[in-house]
Every structure is written in C-alpha cells, then in structure tokens.
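Spelled out from the first residue to the last, the chains are:
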Amino acid sequence: MPLDKLELNHSAIREFLRSPEVMAELRRRGDRVAARAGAGHAVEEWVGKNRDRVHVYTATPAAMEAEARDHTLLAALDAGRG
Amino acid sequence: MMVEVIAFPSAEAVFVSYVSTRLAARSIAATVATKVPATRPDQLVKIRRIGGTSVNMVMDAPMVVFDCWAPTEIDAEALACVVRAEVLAMPGQSDSCAHVYEVGGPVNQPDPDSNSPRYVFTVIAHLRGSVI
Chain V
1 MPLDKLELNH SAIREFLRSP EVMAELRRRG DRVAARAGAG HAVEEWVGKN
51 RDRVHVYTAT PAAMEAEARD HTLLAALDAG RG
Chain W
1 MMVEVIAFPS AEAVFVSYVS TRLAARSIAA TVATKVPATR PDQLVKIRRI
51 GGTSVNMVMD APMVVFDCWA PTEIDAEALA CVVRAEVLAM PGQSDSCAHV
101 YEVGGPVNQP DPDSNSPRYV FTVIAHLRGS VI
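Chains as they are written, first to last, in this note's numbering: chain V, 1 to 82; chain W, 1 to 132.
Do not take every clue at face value.
Which chain W residues face chain V? A few, computed with CB under 8 angstroms, are given here [as the list claims (entries may be wrong)]:
hint, residue
1, ILE50
2, THR53
3, PRO112
Per label pair, the in silico range of CB-to-CB distance [unchecked claim]:
hint, chain 1, residue 1, chain 2, residue 2, range
4, W, SER17, V, GLU25, 36 to 46 angstroms
5, V, HIS55, W, GLU102, 14 to 24 angstroms
6, W, VAL5, V, ASP4, 45 to 55 angstroms
7, W, ARG26, V, GLU7, 47 to 57 angstroms
8, V, TRP46, W, GLU102, 21 to 31 angstroms
9, V, GLU15, W, ARG26, 49 to 59 angstroms
10, W, ILE28, V, SER11, 50 to 60 angstroms
To give an idea of the interface, some chain V residues facing chain W are shown, with a C-beta separation under 8 angstroms as derived from the structure [as the list claims (entries may be wrong)]:
hint, residue
11, LEU74
12, ALA75
13, LEU77
14, ASP78
15, ARG81
Hints listed in this document are in silico derivations from the structure and should not be mistaken for laboratory results. Here a beta-carbon is modelled for each residue, glycine too, at the ideal position from N, C-alpha and C.
Please work from the sequences and hints to get the whole structure.
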C-alpha cells in the first residue's frame, strides 16, 4: 500500500542524534582521526542543540606547525570513515 | 570468466599536468609540482593528494590540496584565484575529470618555515578510471 504522507518525528530524531550511542561512535571516529594525525592532536566532544559533535584539533605548537606545513590533520580525515 | 580491472589515474599527475598547461596558456610563470624544490621558485603551486576514496568501481574521489606561493600576499592570492578557477572548470576541459567540488576555500596561510605568502585551498575531484 503506498504511503500518502511521511511524517518525521523530529524530537525523536534529535534525541537519537544526541544519544550516548551516537556520541560513542563519533568519539571512536574522532579518536581514529587524531591517532592517524599523530602526536599533539586531541579530540573534544560536546552535545549540541540538535546533535552530538566531536572536534579534532591541533593541541600543541608542533602539531599546529605540521598542519600548516603538511596539512597533517586534513590528511587524517579518511581515518574517520566507516 | 574475465573480470574487468579498473585502475584510477594518478590524481597528482592529472592535476599537475592540467594546471601547468592552463597556467602556461595564461602566460603565468609558475612552477607546478608535488614537492617544494630545494630552492623555491617565486611562484609555486604544490599539488598533493591527501586522501579520498573511490566512489564506485569506475570513479575515484581524491582529496587534493593546492598550496600557492608568490612573493607578495596579493600575488599569492591572485595565483590561487586563477588556479582555483581553472580547477573548478576542469570537468568541462578534461576527459578524466567528471566533477570537482570545493571542500576548503582559499585560506591565507603563510609558509610556516619562511613566513612567505601562501594561499591554500582543497578540492575533491571525481576522476574516471579505465580498464587495464
């Protein structure tokens, strides 16, 4: 039977995207990116208004210099796939 | 049963060749390479693949960074502007390139070693593979 109308439950979606399970998965991916980028990279997590987020960043001057010279962190992005 | 084996082109080779040709056509004297030479030329475009995976069996999607150096900040930005425009126009001018989209627009990021003016931008390109 064809669907006439699809109604999304936005509050349930928001609840899912802000769940500990989603955060754990994001953290796992963020940790992989940071590990691939090498020493001096760190991961920060926070729960946003609509979804969980993680932030991988250069935490030391040496890592910042490596990013500026060789785009180390950008090159590590693929480690966050799958 | 014979299976077709598809190989993707070298993204760096494709882009170095393309950008070199396009800059020469515009009479812009810039070196285009994947590494910084021992003595860096006044105008240099360094092109490096830093990631990306295949989209399907016949299409690769490399992520490519373009570092554009010039003697002054204004010249470095102008060089990056031309290279960026040419790269974004590549799908209409190159058989191997089906699509280009920008993932990081131009950034004023001076060289960390020499503090020389440098602009950097990043794209993902869809490059067609061929049977080998």
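Hint by hint, here is what the structure shows:
1. ILE50: Constraint on ILE50 (chain W) satisfied, holds at 4 angstroms.
2. THR53: With a closest approach of 7 angstroms, the THR53 (chain W) hint holds.
3. PRO112: PRO112 (chain W) check passes; min Cβ-Cβ to chain V is 4 angstroms, inside 8 angstroms.
4. W:SER17 - V:GLU25: 36 to 46 angstroms: 40 angstroms, holds
5. V:HIS55 - W:GLU102: 14 to 24 angstroms: 22 angstroms, holds
6. W:VAL5 - V:ASP4: 45 to 55 angstroms: 48 angstroms, holds
7. W:ARG26 - V:GLU7: 47 to 57 angstroms: 54 angstroms, holds
8. V:TRP46 - W:GLU102: 21 to 31 angstroms: 27 angstroms, holds
9. V:GLU15 - W:ARG26: 49 to 59 angstroms: Holds, at about 54 angstroms.
10. W:ILE28 - V:SER11: 50 to 60 angstroms: For SER11 (chain V) against ILE28 (chain W), whose Cβ atoms are near 55 angstroms apart, the range 50 to 60 angstroms holds.
11. LEU74: Holds, because the Cβ-Cβ distance from LEU74 (chain V) to chain W comes to roughly 6 angstroms (cut-off 8 angstroms).
12. ALA75: 4 angstroms, holds
13. LEU77: With Cβ-Cβ at 6 angstroms, under 8 angstroms, it holds.
14. ASP78: Hint on ASP78 (chain V): holds, closest Cβ of chain W at ~4 angstroms, below 8 angstroms.
15. ARG81: Interface hint status for ARG81 (chain V): holds (7 angstroms vs cutoff 8 angstroms).
The structure is consistent with each of the numbered hints, conforming to all of them.
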